[in-house]
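**Q** Sequence:
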Amino acid sequence: MLRTLVEHATWAGPAEVKARFGTADFIAGNRVVFNIKGNSYRLVAQVKYGPLFLVYIRFVGTHAEYDRIDASTI
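Our numbering applies: residue 1 is where the sequence shown begins, and numbers increase by one.
The reader is advised that the hints may include incorrect statements.
Unchecked claim - Here are the simulated lysine to aspartate or glutamate pairs, EDC-like style, with alpha carbons at most 20 Å apart: (1) K18 to E65; (2) K48 to E16; (3) K48 to E65; (4) K37 to D25; (5) K48 to E7; (6) K48 to D67; (7) K18 to E7.
Stated by the list, open to error - So the derived label-pair ranges between C-beta atoms look like this: (8) I36 to P14: 16 to 22 Å; (9) A12 to E65: 30 to 36 Å; (10) G22 to K48: 29 to 35 Å; (11) D70 to T23: 18 to 24 Å.
No lab work stands behind these hints: they were computed from the structure.
C-beta: ideal position from N, C-alpha, C; glycine also.
Generate coordinates for the entire structure from the input sequences, incorporating the hints supplied.
**A** What follows is the structure, given as structure tokens:
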């Protein structure tokens with residue numbers, strides 16, 4: 001479901017991401033942290049807004065695995 005939403009998205013900025021995913025958190029480096037399955041898993045994506053909208057998946061893992069990384073630098 002998330003993949004389909006992102007494939008069709010044309011978000012112009014973080015406010016539009018937040019409007020669609022209310023629990024999304026924004027961190028350094030244009031990264032967005034998504035909570036998956038009731039916060040059991042985390043997905044970190046780096047988003048490039050603008051005319052060429054791109055989303056790079058930087059990390060997918062459990063909440064415990066997420067706690068062991070620096071999401072702003074991966």
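**Q** For the pair supplied as a hint, K37 and D25, is the alpha-carbon distance within the 20 Å limit?
**A** holds, 15 Å
**Q** Could one say that the CB atoms of A12 and E65 fall in the range 30 to 36 Å?
**A** Cβ of A12 to Cβ of E65: about 31 Å, so the range 30 to 36 Å holds.
**Q** Per the hint of 18 to 24 Å, is the separation of the Cβ atoms of D70 and T23 within bounds?
**A** The hint (18 to 24 Å, Cβ to Cβ) holds, given that D70 and T23 are roughly 21 Å apart.
**Q** So if I understand the rule, the pair passes when the alpha-carbon distance is 20 Å or less; does K48 with D67 pass?
**A** violated, 24 Å
**Q** Holds or violated: are the alpha carbons of K48 and E65 at most 20 Å from each other?
**A** Outside the cut-off at roughly 25 Å; violated.
**Q** That 16 to 22 Å hint for I36 and P14 (C-beta), does it hold up?
**A** Roughly 19 Å apart at Cβ, these two residues keep to the hinted range, so it holds.
**Q** For the pair supplied as a hint, K18 and E65, confirm whether the alpha-carbon distance does not exceed 20 Å.
**A** Judged against 20 Å, a Cα distance of about 24 Å means the pair is violated.
**Q** What's the verdict on K48 and E7, does the C-alpha distance respect the 20 Å limit or exceed it?
**A** holds, 13 Å
**Q** Can the restraint linking K18 and E7 be considered satisfied, given a maximum Cα separation of 20 Å?
**A** Roughly 17 Å separates the two Cα atoms, so the pair holds.
**Q** Is the hinted range of 29 to 35 Å satisfied by the C-beta distance from G22 to K48?
**A** Given range 29 to 35 Å: violated, Cβ gap about 22 Å.
**Q** What's the verdict on K48 and E16, does the C-alpha distance respect the 20 Å limit or exceed it?
**A** With a Cα-Cα distance of about 13 Å, the restraint between K48 and E16 holds, given a limit of 20 Å.
The structure shown violates the earlier hints numbered 1, 3, 6, 10.
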